[in-house]
Amino acid sequence: MKRRDSLKTMALASLGASLFLESCYGISRETITRSLTRYEYGRTPEEKEIDDKLFAQKFFTNDELLTLDKLCNIILPPNEFGSIRDAEVVQLIEFMAKDIPSYQEPLRNGLVWIDKECKTRFTKIFIDCELSQQKEILDEIAYYNPNENMDDQSEPVQWFNLVRNLTMTGYFTSEVGIKELGYKGNFPNVWDGVPQDVLDQYGLEYDKEWLDKFVDQSKRNIIAEWDDDGNLIT
Amino acid sequence: MQIKNSAKEYDVIIVGSGAGGGMATKILSEAGLSVAVVEAGPYYDPANPEQMTQLKWAWHSPRRGAGTRRFFGDYDQAYGGWEIDGEPYGQVGDTDFKWFRSRMLGGRTNHWGRISLRFGPNDFKRKSIDGLGENWPISYDDIKPYYDKVDKLIGVFGTKENMYNEPDGFFLPPPKPRLHELFYIKGARKSNVKVIPSRLSVVTKRINNDRGVCYYCNGCARSCNVYADFSSGSCLIFPAQKSGGQIDLYVNSMVRTVTTNDEGKATGVSFIDKEENKEYKLKGKVVVLAASACSSARILLNSKSKQHPNGLGNSSDLIGKYLHDSTGGDMMAFIPELIDRKTYNEDGVGGMHVYSPWWLDNKKLDFPRGYHIEVWGGMGNPTYGTGFNVNSFNKFFGINKAGGYGDVLRSDMKKYYGSTIGISGRGESVAQKTNYCEIDPTKVDKYGVPTLRFNYKWTDNEIKQAKHMQDTFEEIIHNMGGIPLWGKPGKDANYGLNKPGWIIHEVGTTRMGNNPKTSVTNEFERLHDVNNVYVVDAGPFVSQADKNPTWTILALAWRSSEHIVEQFKKQNFS
Chain Z
1 MKRRDSLKTM ALASLGASLF LESCYGISRE TITRSLTRYE YGRTPEEKEI DDKLFAQKFF
61 TNDELLTLDK LCNIILPPNE FGSIRDAEVV QLIEFMAKDI PSYQEPLRNG LVWIDKECKT
121 RFTKIFIDCE LSQQKEILDE IAYYNPNENM DDQSEPVQWF NLVRNLTMTG YFTSEVGIKE
181 LGYKGNFPNV WDGVPQDVLD QYGLEYDKEW LDKFVDQSKR NIIAEWDDDG NLIT
Chain X
1 MQIKNSAKEY DVIIVGSGAG GGMATKILSE AGLSVAVVEA GPYYDPANPE QMTQLKWAWH
61 SPRRGAGTRR FFGDYDQAYG GWEIDGEPYG QVGDTDFKWF RSRMLGGRTN HWGRISLRFG
121 PNDFKRKSID GLGENWPISY DDIKPYYDKV DKLIGVFGTK ENMYNEPDGF FLPPPKPRLH
181 ELFYIKGARK SNVKVIPSRL SVVTKRINND RGVCYYCNGC ARSCNVYADF SSGSCLIFPA
241 QKSGGQIDLY VNSMVRTVTT NDEGKATGVS FIDKEENKEY KLKGKVVVLA ASACSSARIL
301 LNSKSKQHPN GLGNSSDLIG KYLHDSTGGD MMAFIPELID RKTYNEDGVG GMHVYSPWWL
361 DNKKLDFPRG YHIEVWGGMG NPTYGTGFNV NSFNKFFGIN KAGGYGDVLR SDMKKYYGST
421 IGISGRGESV AQKTNYCEID PTKVDKYGVP TLRFNYKWTD NEIKQAKHMQ DTFEEIIHNM
481 GGIPLWGKPG KDANYGLNKP GWIIHEVGTT RMGNNPKTSV TNEFERLHDV NNVYVVDAGP
541 FVSQADKNPT WTILALAWRS SEHIVEQFKK QNFS
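Chains Z and X are the protein sequences, given in the same order. If you count the first sequence from 1, position 150 lands on 150 in the numbering used here, and the numbers rise without skipping. If you count the second sequence from 1, position 346 lands on 346 in the numbering used here, and the numbers rise without skipping.
For the record, the hints were derived by calculation from the structure and aren't laboratory data.
If the Cβ cut is set under 7 Å, some of the chain X residues that face chain Z in the computed set are:
hint	residue
1	Tyr79
2	Thr159
3	Leu172
4	Thr204
5	Tyr216
Don't be surprised by glycine CBs; every beta carbon is placed ideally from N, CA and C.
My request is simple: use the sequences and hints to build the entire structure.
Here it is, written out as structure tokens:
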């Protein structure tokens, strides 16, 4: 299948390639505007300006974005919790390449390399290869010896490690990914210690002499008062 | 630049709105004095939804909270950082001093660690103990009543421990330790390192009806929207405004100099309105500098006049000298026993629930002064960086293969989540006259104000202390069944000793004393040379204990503010 054909297939399969590109990767002006208004996270005017500037730039070509989309999907295939598209992983990679410009060269070089490698072996660029062919190449660059320094690995291994890191962080810092991970905080609640079954699991317990000192959460809303020696009396 | 003069004369002009400036604002305005607070950054209220970062998720940021714009991450509430555009600072020789500035109402109190430790009796008299440095002109008994008042006004949790040099206070009850903290307790006790509940200024029990109670979101570095942690704006300045104080806030206003008259007395300040890029002057009977130790030193050194050719209050030539920061050393470890954890909400407060105060006697050690130990870890809120090198810990199980792709990455992610622990030492260095900040004669910032440059070298005292930290941490980690995550730094790396400034506890640039030849300020933080200029940040610290400076800044600023009120009553300022 040629590149254009593959795009056509995607168009039919996923409500249209252009729409897919636009909605997923922020290519149209409307999508850029939408991206700007959805990130409300307490920025100063100067910080907003920096974000606006980054959103207005485009680093990856549409072809590169599609290749990244494929790669990220192989790194983390969708499951019942969500997908890299739900997690907007490729958008994150596009943004980080602009936010941390030192990512640009290695990310792009790797994309060029993998297309070249695919052409040599299979006479097609990466995205047009069969999954088995894609995996054949990835299997050669996806593993490393964790006792060795990453800087000493070959460039393709370093590149894939970077893409994997960005994919993992993109997914596990997204709404679906955090749910899958099981992080349960970041909302108003009351901490009253490690659950008993967890204490039991590790054979731990709270010091008996400490127990009386900890906050009595049933009295947390009663205003604190002390005697002259600093003993809490409320 | 156009200079516009305000006709009004304030009783007091306060420069800076962090811990010291906030306390001065509260005490002086509540005494009925008219006050101008001049802050270099914008207005900030942690409850303002436009500025709030608390309870945001990583995906609310297009960089998922990464530290590219704010060093400690997108949600850290410090406007500024190690570098500020157009406001550089320099280094002398091979010095690499780090200077963290936060330009906003409340300053660095909006993001700080809330570790609120009193200095102990020994901490004011170190020279008498080890012959090094200098004693303070005051003792613990002089400051104790103010520590007591700060505890009751602001709120700090902790426990009575009856340790001589770790004085108890009026504590709110502490929260229970988290799982990794129980591991730390176990490991530390095996090494005879004492562990006690933390002392943090987080309101675990209601302190008054104006502030809320902690709801355990771990977000203290994001500044609390119900004012359950200590930030200068929410706990000092807003309440002072609410109680009817005559307070004018000048924000985005960077003070350039303290102005003086022919007799050499201060008449007010000149400042740059950063929005208009215009210079203005404010008149005041008293000037209280609270811009942070180095910024206040810079203002004084830049305030040259015929009467004060060496800078205001600098007849001793000591402004900027004796600059010192806490020592810092860290070690991080993987705890195999903590893989595949059951997940539950263990956010707790925004900081550790237990810590170790200094527990040894220096007479038996090869270095002076001690350090306390902080502990961190657990199942944190994922932000940018989570999931990097997801299965590199495979090596600890003899598996020399990491990486890969597919569902194995999901299970590796969950396997190793929350399995690391970190230990940090924060200790006391010995103040040196040769460590200083000074005006760089060749550089100005974008407002045309001469900038600072730093000269700072650690001595053997700090390096040996850092070595002791590493040896101790290694032992504690071993006791916990942990494996250190990086190689133990050796002599060539100063045993992991952080660069000066890195701990953001810089103090000592206008140190206090009884002798005007060997100190800049007196025990009430007033310049020896000029009787209507005070410095209430950490500049007047003679020595930084193995504690964090904020609680002492607050107590001293309260004491000095009462002194100012008395002087007004005696009509000594007119």
